[in-house]
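Student: Listed in order, the protein sequences are those of chains G and E. When you line the first sequence up against my numbering, it's residues 1 to 426, in that order. When you line the second sequence up against my numbering, it's residues 1 to 272, in that order.
Treat the hints as calculated values from the structure; they're not laboratory data. Don't take each hint at face value.
[As the list claims (entries may be wrong)] Straight-line Cα separation of at most 30 angstroms, DSS-like style, residue types lysine-lysine; simulated pairs: (1) G:Lys-289 with E:Lys-159; (2) E:Lys-202 with G:Lys-182; (3) E:Lys-158 with G:Lys-175; (4) E:Lys-158 with G:Lys-312; (5) G:Lys-317 with E:Lys-160; (6) E:Lys-159 with G:Lys-312; (7) G:Lys-317 with E:Lys-202; (8) G:Lys-289 with E:Lys-160; (9) E:Lys-158 with G:Lys-317; (10) G:Lys-264 with E:Lys-158; (11) E:Lys-160 with G:Lys-264; (12) E:Lys-159 with G:Lys-182; (13) G:Lys-289 with E:Lys-158; (14) E:Lys-159 with G:Lys-264; (15) G:Lys-87 with G:Lys-182; (16) G:Lys-182 with E:Lys-160; (17) E:Lys-160 with G:Lys-175; (18) G:Lys-151 with G:Lys-399; (19) G:Lys-175 with E:Lys-159; (20) G:Lys-312 with E:Lys-160.
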Amino acid sequence: MSAEKIMILGVNHKTAPVEIRERLSFSNDPGTPYRELKIIPGCEEFCFLSTCNRVEVIFVSSTPGETEKKIRNFLFNNCMSYEEAGKYVYLHQGEAAIEHLFRVGASLDSMIVGEPQILGQLKQAYRDASEQDAAGMILNRFMHKAFSVAKRIRTETEIGSSAVSISYAAVELAKKIFGNLKNKIAMLVGAGEMAELAAQHLMNQGVAEVIVANRTFERAVNLARCFNGKAISLEELIPQLEHVDIMISSTGSPDIILNSSDVKPLMRQRRNRPLFLIDIAVPRDLDPKLNDLDNVYLYGIDDLSTIVDINKAERDKEAVRAERIVTEETLKFMLWLGSMEVTPTIVTIREKADAIRRAEIEKTLPNLGRLSDKEIQAIEKMTSAMMNKILHHPIVYLKKDDSHKDKKVKLALIRKLFNLDPGNSD
Amino acid sequence: MGYLLFQITLFAYFLATAAYMVYFWSQRAEIRTTARRILIGSGLLHTLYLVVRFIEAGHTPLTNHHETVSFFAWSLTWGYLSFHWRYNVRNFGSFVSPLITILMLIATFSSREIMPLPPALKSAWLPVHASIAIMANGFLALAFCGGIMYILQERELKKKRFGLFYTRLPSLESLDQLNSHCLAVGFPLLTLGIITGSIWAKQAWGTYWQWDPKETWSLITWFLYAALLHQRFTVGWRGRRAAIMAIIGFSAAIFTLWGVTYLLGGVHSYVG
Numbered sequence: 001m002s003a004e005k006i007m008i009l010g011v012n013h014k015t016a017p018v019e020i021r022e023r024l025s026f027s028n029d030p031g032t033p034y035r036e037l038k039i040i041p042g043c044e045e046f047c048f049l050s051t052c053n054r055v056e057v058i059f060v061s062s063t064p065g066e067t068e069k070k071i072r073n074f075l076f077n078n079c080m081s082y083e084e085a086g087k088y089v090y091l092h093q094g095e096a097a098i099e100h101l102f103r104v105g106a107s108l109d110s111m112i113v114g115e116p117q118i119l120g121q122l123k124q125a126y127r128d129a130s131e132q133d134a135a136g137m138i139l140n141r142f143m144h145k146a147f148s149v150a151k152r153i154r155t156e157t158e159i160g161s162s163a164v165s166i167s168y169a170a171v172e173l174a175k176k177i178f179g180n181l182k183n184k185i186a187m188l189v190g191a192g193e194m195a196e197l198a199a200q201h202l203m204n205q206g207v208a209e210v211i212v213a214n215r216t217f218e219r220a221v222n223l224a225r226c227f228n229g230k231a232i233s234l235e236e237l238i239p240q241l242e243h244v245d246i247m248i249s250s251t252g253s254p255d256i257i258l259n260s261s262d263v264k265p266l267m268r269q270r271r272n273r274p275l276f277l278i279d280i281a282v283p284r285d286l287d288p289k290l291n292d293l294d295n296v297y298l299y300g301i302d303d304l305s306t307i308v309d310i311n312k313a314e315r316d317k318e319a320v321r322a323e324r325i326v327t328e329e330t331l332k333f334m335l336w337l338g339s340m341e342v343t344p345t346i347v348t349i350r351e352k353a354d355a356i357r358r359a360e361i362e363k364t365l366p367n368l369g370r371l372s373d374k375e376i377q378a379i380e381k382m383t384s385a386m387m388n389k390i391l392h393h394p395i396v397y398l399k400k401d402d403s404h405k406d407k408k409v410k411l412a413l414i415r416k417l418f419n420l421d422p423g424n425s426d
Numbered sequence: 001m002g003y004l005l006f007q008i009t010l011f012a013y014f015l016a017t018a019a020y021m022v023y024f025w026s027q028r029a030e031i032r033t034t035a036r037r038i039l040i041g042s043g044l045l046h047t048l049y050l051v052v053r054f055i056e057a058g059h060t061p062l063t064n065h066h067e068t069v070s071f072f073a074w075s076l077t078w079g080y081l082s083f084h085w086r087y088n089v090r091n092f093g094s095f096v097s098p099l100i101t102i103l104m105l106i107a108t109f110s111s112r113e114i115m116p117l118p119p120a121l122k123s124a125w126l127p128v129h130a131s132i133a134i135m136a137n138g139f140l141a142l143a144f145c146g147g148i149m150y151i152l153q154e155r156e157l158k159k160k161r162f163g164l165f166y167t168r169l170p171s172l173e174s175l176d177q178l179n180s181h182c183l184a185v186g187f188p189l190l191t192l193g194i195i196t197g198s199i200w201a202k203q204a205w206g207t208y209w210q211w212d213p214k215e216t217w218s219l220i221t222w223f224l225y226a227a228l229l230h231q232r233f234t235v236g237w238r239g240r241r242a243a244i245m246a247i248i249g250f251s252a253a254i255f256t257l258w259g260v261t262y263l264l265g266g267v268h269s270y271v272g
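Next up, chain G with everything else stripped away, as it sits in the complex (with noise of 0.2 angstroms):
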């Protein structure tokens, strides 16, 4: 099979603003591009991809030139001309289709390289395809090893495992200090997305408890249900500190609600148990100098920024490593695609069957005694005789023209029956 057959055709968030992009996902049906590109002409398999930063179809077509028209203009909804939608789409064709769709399953195409959301909504597309009964062999084979692409780029690359947000960072730098988190005490001080965020991520690592502190109580009590912790007033808050291991602060106080006063008495009735103080209100509610307190450990909004960039950048680095894996593994692809043209396929029988052959012959040789070369040239002769009577039929049924479609199929077949593809039985 050429691998020509294979394009994609989309846009992502480097390619089309926003509104663009909004157009293009059908949304509201996601049924609606299912049902029209399958009575596209020459769309032989598709998927159909949509999540918030791309939109992309995956289709394999033996007319790919006119296919790929007739889908542009379906997407663009005749709104826009075919050349003013150029702007904005990209097109890859072949090698370059295949590897583009490993380096998305693998995330690297992601807006935040590493994210893990992309793999599970390009099974989900591909779950769509298959129920619509739009994916066929190419198809099964191309997204099944993109999946197992970005599996493999996951577990031999430390790509996804980098903090990127404020809130993953906050955890971080707490496993550093703490170690485990289990049967530590968080505390949650005022609310607020980021606030929440972080607690949400510490119940996650399997804190203990998480205490919430409100200056309204009863705001306390009802954000205290959601991570089923307790919830106290804001007047408990120093005395509560003595069993909280990491206090997440985020109140709209103007001024300073925790002094380094405060908490250096307590450290001694700690027994010195390391404090870990999360300030991300603006402006700040905890006083820088907790800081300079031995066993406290006082981080501010920009603190936490510094260690999203750091990880960036060592998540860019694995990402050149990942790439790598990307192009070994489009190689291989293109490998499997090459043998799936009926002249290979030929070869690889015969080769396979005269292997057979010339093995049982070395066999049974040396048990015959001595045979004069005539009679071995016999044996020879023989086998490759009934070896080729053999494979005569499957040859000639495989060599029959045949619609496109048929050949494929028919070619899978014989290629299982002989099991040409060991290791590659799916």
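On the provided structure of chain G, position chain E as indicated by the hints.
Tutor: Frame of chain G, contents of chain E only:
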């Protein structure tokens, strides 16, 4: 035969240290495995060397400087490996292995000549006292390495400048635990070393304690560690202070081992 074995051991330690350094930079798991295997190999070679030396000398090989320092390195190696078997402290090996190699180098440059045993040392207490005292040093050295790692890591966390160590070193909590575990083994050994020494002194010289400089300094070391442990158990001294104390304590222990011999003399001075 003994000398060749020693040189091979030294070379193996060099290799292990180099591998640990490469691991520290690259952080690739397979390099760590290799480094650990080389270190275990070096430890086994070293053990063999000690046995050969024992046979060649005809007495416990802990009587001169070469032998003590080499045994010190040996205790450090096996102390580290035994810890490794129970706790996993990231990149600890990259700090311990250079120290082992330095000790081995010091041993290389000291005289390896086998001297007849002075009459005062002809006692069953020689292997007991000397090996316990040096093994104590091995564990105190581990606490020292842990202390340095703690200080490096805590400095980056406090100053919020995340450089080489932030990602590579383990959490403060595990480094602090390392400190307390090492002392939990090292301190009793140190105590036992002093007690056995004192009993031996009674037998050899007729008095338990004679304020010889080595005795005085080992007592000072003992008090430093005792103070650290006391504070840890009573008011919960930990973290940076415990790390600094472990470093100071080890400096005192090193002074007891070398400083006393070269600067102050005394009855222990033939040892070393």
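Student: Confirm or reject each hint.
Tutor: Hints, one by one, checked against the model:
no. : hint                     : result
1   : G:Lys-289 with E:Lys-159 : holds (13 angstroms)
2   : E:Lys-202 with G:Lys-182 : violated (52 angstroms)
3   : E:Lys-158 with G:Lys-175 : holds (15 angstroms)
4   : E:Lys-158 with G:Lys-312 : holds (22 angstroms)
5   : G:Lys-317 with E:Lys-160 : holds (22 angstroms)
6   : E:Lys-159 with G:Lys-312 : holds (20 angstroms)
7   : G:Lys-317 with E:Lys-202 : violated (65 angstroms)
8   : G:Lys-289 with E:Lys-160 : holds (14 angstroms)
9   : E:Lys-158 with G:Lys-317 : holds (26 angstroms)
10  : G:Lys-264 with E:Lys-158 : holds (17 angstroms)
11  : E:Lys-160 with G:Lys-264 : holds (21 angstroms)
12  : E:Lys-159 with G:Lys-182 : holds (26 angstroms)
13  : G:Lys-289 with E:Lys-158 : holds (12 angstroms)
14  : E:Lys-159 with G:Lys-264 : holds (19 angstroms)
15  : G:Lys-87 with G:Lys-182  : violated (52 angstroms)
16  : G:Lys-182 with E:Lys-160 : holds (24 angstroms)
17  : E:Lys-160 with G:Lys-175 : holds (15 angstroms)
18  : G:Lys-151 with G:Lys-399 : violated (38 angstroms)
19  : G:Lys-175 with E:Lys-159 : holds (17 angstroms)
20  : G:Lys-312 with E:Lys-160 : holds (17 angstroms)
Violated hints, listed in ascending order, are 2, 7, 15, 18; each of the other numbered hints is respected by the structure.
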